[in-house]
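Participant: Chains as they are written, first to last, in my numbering: chain A, 1049 to 1196; chain B, 729 to 1045; chain C, 171 to 582.
Don't take each hint at face value.
For each label pair, taking beta carbons as the anchor points, the in silico distance ranges come out as [said to hold, decoys possible]: (1) Ala1065(A) / Gln388(C): 14 to 24 Å; (2) Asn829(B) / Ser218(C): 49 to 59 Å; (3) Ala1006(B) / Lys1191(A): 45 to 55 Å; (4) Leu302(C) / Ala1043(B): 14 to 24 Å; (5) Pro833(B) / Asp481(C): 44 to 54 Å.
Computed cross-link-like contacts, EDC-like style, restricted to lysine to aspartate or glutamate with a CA-CA straight-line distance of at most 20 Å [to be verified]: (6) Lys1067(A) / Glu396(C); (7) Lys1145(A) / Asp771(B); (8) Lys550(C) / Glu413(C); (9) Lys403(C) / Glu413(C); (10) Lys1068(A) / Glu463(C); (11) Lys1002(B) / Asp985(B); (12) Lys824(B) / Asp437(C); (13) Lys1145(A) / Glu1024(B); (14) Lys828(B) / Glu1096(A); (15) Lys1068(A) / Asp1127(A); (16) Lys1068(A) / Glu488(C); (17) Lys735(B) / Glu1096(A); (18) Lys906(B) / Asp961(B); (19) Lys930(B) / Asp974(B); (20) Lys550(C) / Glu418(C); (21) Lys1145(A) / Asp1123(A); (22) Lys1067(A) / Asp437(C); (23) Lys1094(A) / Glu745(B).
Worth flagging that the hints you see were computed from the coordinates, not collected in a lab. Using N, Cα and C, we set each Cβ at its ideal position, and we do this for glycine too.
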Amino acid sequence: MSNVLSNEKRGMRELGAEKKVGWDEVTHGVVLHSFEDDATDVATRKAEDRNYSEFNSYTATVASWRVVKPVYNRDICIDCQNCWVWCPDSSIISRDKQILGIDYDHCKGCGVCVEVCPTNPKSLLMFGEAISSDDAIAQWPVKEKKEK
Amino acid sequence: MAITSVKNLKEFSTVNERFEGAHLLCPGCAHSMIVRELMNCSDDNLVISTNTGCLEVSTAVYPYTSWDTSWIHIGFENAATAAAGAEAMYKARKRKGTLKNPDAPVKFVAFGGDGSTYDIGFQWLSGAVERGHNFTYICLDNENYANTGGQRSSSTPIGASTTTAPAGRVSYGEKRNKKDMMAIMAANGASYVAQVAPNKWKNMAQAFQKALSIDGPCYINALSACTTEWKFDPKDTINISDLATDSLVFPLYEIIDGTELNITYRPKNILPVKDYLAAQGRFKHLFKPENAHILEEWQKRVDAKWEYLQRREEARV
Amino acid sequence: MAEKIDLQEIEVWDGNYAAAHALRQAQIDVVAAYPITPSTPIVEGYASFMADGYIDGEFVMVESEHAAMSGCVGAAAAGGRVATATSSQGFALMVEVLYQASGMRLPIVLNVANRALAAPLNVRGDHSDMYLGRDSGWVQMDAFNAQEVYDMNLCAFRVGEHPDIRLPVMVHQDGFLTSHTAQNVRPLSDDDAYKFVGVFQPVEEMLDFSRPVTHGAQTEEDWHFEHKARQHKALMDARPVIESVFAEFEKVSGRKYKRVESYMIEDAEVIIVALGSTVESARLAAQQLRDEEGIKAGVVGPRVIRPFPFDAIRDALENCKAIGAMDRSCPGGALGMLFNEVSAAVYATAKRPLVTNYIYGLGGRDLSIVDIKAIFRELKANADAGKITTQIQQFIGLRGPKLGFFETREGK
């Protein structure tokens, strides 16, 4: 499964798989820092350029939540950005007003992106978790005739 | 304030996200759509507080945080006061010259579910608004105590089935009408209140930006359709939200300084309330013949509210 | 820029006003407060200083005590010095937030003018509210008079803000008995007081935008125990920090404080352990008994209630014969808190002196020196008999038939 524009820290480990340190090593006052170093301009940087700390959920993966997954079809997509704005899991990667694909580390397979996609046929469709993107695209349906 | 362009969705999509994935919210949860959008609306530094609830419990469970800005959770009731305290500290430190980045703009935002906003945290919100703190409070309204498994709140609309007011052989579920937080907050002295829904992303983004740019307390009531407790398929969150706004069950409007009311969304085709109710499992018992009068009452009430909003908008009071 | 006040060498202040001045001198950034008898004058005094230009910080009059502590927590997380004051019902209302503040390791100073807890409603001084906060995870200090209220407030900021500790701190004083009793207080000058308290050093603050920080995360069963253990350790580690702060305070003020204040214990046969203004009454009673009846009486007053000074109490009490632990709070079906904790310390000694429990002074009921002398005589009887000659727990100063509970095995 190709990973679109990932920071090497993205989806490094499953939730719950982090090292269970002792009382002397847990953070003071349950405080968590989001980044490793100076994050003053983090609002100007894309995810792949940020220095996420190991405490940022960005570094975890929820891929195991899925039984079905969305597959993205670049050839049909019109870059309307509907899927980007409504994805609850920040898993539609958009750069320079173009959809690049899906962050499968964080996608939970909810299917909202498919529902809000306006193209006919849709540019995102749900498939079984195991299928490859190429096979999915090869199976892509053709334009639906609208019922009068 | 550094305003992100919301001219159109393509422009908006060029922002850099500050709400990270691998949080624990249900697949399809609207909370996340709303929070992502709020954080994408401004490039300013944000100090965010959150009441105990779905959002808090899903985004800050040690050792993970999904927040790329400073964030605080204290308890169930007091996100508004946490924001108020932080805002007061900001004012004090700015005056004393002890801030690390004294010229960096900062906005204070508090999030709470309907349970913590309408019910248990009501006093805290009312106090913070009355004192005029410069902050924005956003209620993520899913009309129940979702985090604890779907109990009724004073936001639960009549006829909804919740675990503490369930539909049963002798009951049609919730007996009380939904509390009108918009009117209450406007009367409480909020500089700006707005009712928004994530399906109308631009309307919501504009309301957020207006609230963030106003110097004073602002209250936003955001429809958060809950796949788990409203009982619909996770993929349909935006579809359900469309039904809510287009049937006028959840009308979108704003009130400026407690008097100037503006309707911010007028559906081209107004859908029957029945269509909205029929799409959710929590209302399915209302379609039994003995509950027909509840459906009628629903439509009448929604119509009356819409009539009221239009008349008040016209009268400019 | 806030104006300074030229204080006299000796001021006549009650406990409340002494606290208000100490808070003013500490140059607090945010006070979030709500009025409740008998702590209200602390907040009123502070408001008056604000209105007259003596304070630079913010003063937020919130809509409840829970909101007061919530506002303090939010403000503390935003990186500044924070304080407030309350009593009784207000303390009870904010109890939830007390636990949250200490768990989040935020330095905050809370003045508590100890007052009874309803029901029945009572505005007078007893220690019910103090006892309610027993396990809240705060450093807790007790002032026996107005001077100590002033001194403990200044020390509280130093202890709480110490980089190794970073915990919120309570300063207790008896409601009305101390809070409303005007006494001679020798304050430090504004400059000396602020110099002692020091400039606030923000740590993990929300207004440092170069390091976004998440405060108040949830911990599930995998992590909670470790966080609470670490918090408990920090509270225990406050013991030497408190001693070093007291040592420094002695240098600037000439007044020496200890975690446990002991009077005439070196040769004492019988010792009363008490809190608040009762300590001073007990000292007078002990002196009188020594002079008039030759009873070797001593008094122990824990200055620091939390972290419980187990070691110092144990050492102070190990050589006497009979101890009376006095609790000014309704025990709710058990022996009193001070009795329980003193007994635990005394149990760890070789000689294990006898300990009995006196419940007194609830709802502001006065306890006279005559009454305390009677207690000392009962302790003497226990000491001479080598066993407890009364019920272990007795209510004193109570109208009606004698009320007592809990027997020793050999008892009556």
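Participant: For every hint, state whether the structure bears it out.
Facilitator: Evaluated hints:
For Ala1065(A) and Gln388(C), the Cβ-Cβ distance of about 18 Å falls inside the hinted range of 14 to 24 Å, so the restraint holds. Between Asn829(B) and Ser218(C) the beta carbons are some 34 Å apart, a value that contradicts the proposed interval 49 to 59 Å. Restraint check, Ala1006(B) to Lys1191(A): a C-beta distance of roughly 30 Å breaks the suggested window 45 to 55 Å. Between Leu302(C) and Ala1043(B), the C-beta spacing of about 53 Å breaks the proposed range 14 to 24 Å.
Checked against the hint of 44 to 54 Å, the pair Pro833(B) and Asp481(C) passes, with Cβ atoms roughly 52 Å apart. Distance restraint check for Lys1067(A) and Glu396(C): the Cα-Cα separation of roughly 13 Å lies within the 20 Å cut-off, and the hinted pair is therefore satisfied. Of the pairs offered as hints, the one joining Lys1145(A) and Asp771(B) holds, with about 18 Å between alpha carbons and a cut-off of 20 Å not exceeded. Pair hint Lys550(C) plus Glu413(C) does not hold up; C-alpha atoms about 33 Å apart against a cutoff of 20 Å.
Proximity of Lys403(C) to Glu413(C) is assessed by CA-CA distance (about 17 Å); at most 20 Å being required, the pair is judged to hold. Straight-line distance between C-alpha atoms of Lys1068(A) and Glu463(C) comes to about 64 Å, which puts the hinted pair past the 20 Å bound. This hinted pair does not check out: Lys1002(B) and Asp985(B) have alpha carbons roughly 34 Å apart, beyond 20 Å. Restraint check: the Cα-Cα separation between Lys824(B) and Asp437(C) comes to about 54 Å, which exceeds 20 Å; the hinted pair is violated.
For the given pair, Lys1145(A) sits about 46 Å from Glu1024(B) by alpha-carbon distance, which is inconsistent with the 20 Å threshold. The hinted pair formed by Lys828(B) and Glu1096(A) fails the criterion: a straight-line CA distance of about 27 Å is larger than 20 Å. Straight-line distance between C-alpha atoms of Lys1068(A) and Asp1127(A) comes to about 43 Å, which puts the hinted pair past the 20 Å bound. Restraint check for Lys1068(A) and Glu488(C): the C-alpha separation of about 43 Å exceeds 20 Å, so the hint is violated.
Simply put, Lys735(B) and Glu1096(A) have alpha-carbon atoms about 26 Å apart, too far for the 20 Å limit, and the pair is violated. Simply put, Lys906(B) and Asp961(B) have alpha-carbon atoms about 24 Å apart, too far for the 20 Å limit, and the pair is violated. A threshold of 20 Å between alpha carbons decides the hint, and for Lys930(B) with Asp974(B) the separation of about 16 Å falls inside it, so the pair holds. With a C-alpha separation of about 39 Å, the suggested pairing of Lys550(C) with Glu418(C) is violated against the 20 Å cut-off.
Proximity of Lys1145(A) to Asp1123(A) is assessed by CA-CA distance (about 15 Å); at most 20 Å being required, the pair is judged to hold. Proximity of Lys1067(A) to Asp437(C) is assessed by CA-CA distance (about 56 Å); at most 20 Å being required, the pair is judged violated. With a C-alpha separation of about 8 Å, the suggested pairing of Lys1094(A) with Glu745(B) holds against the 20 Å cut-off.
In this structure, the hints that do not hold are numbers 2, 3, 4, 8, 10, 11, 12, 13, 14, 15, 16, 17, 18, 20 and 22, in rising order.
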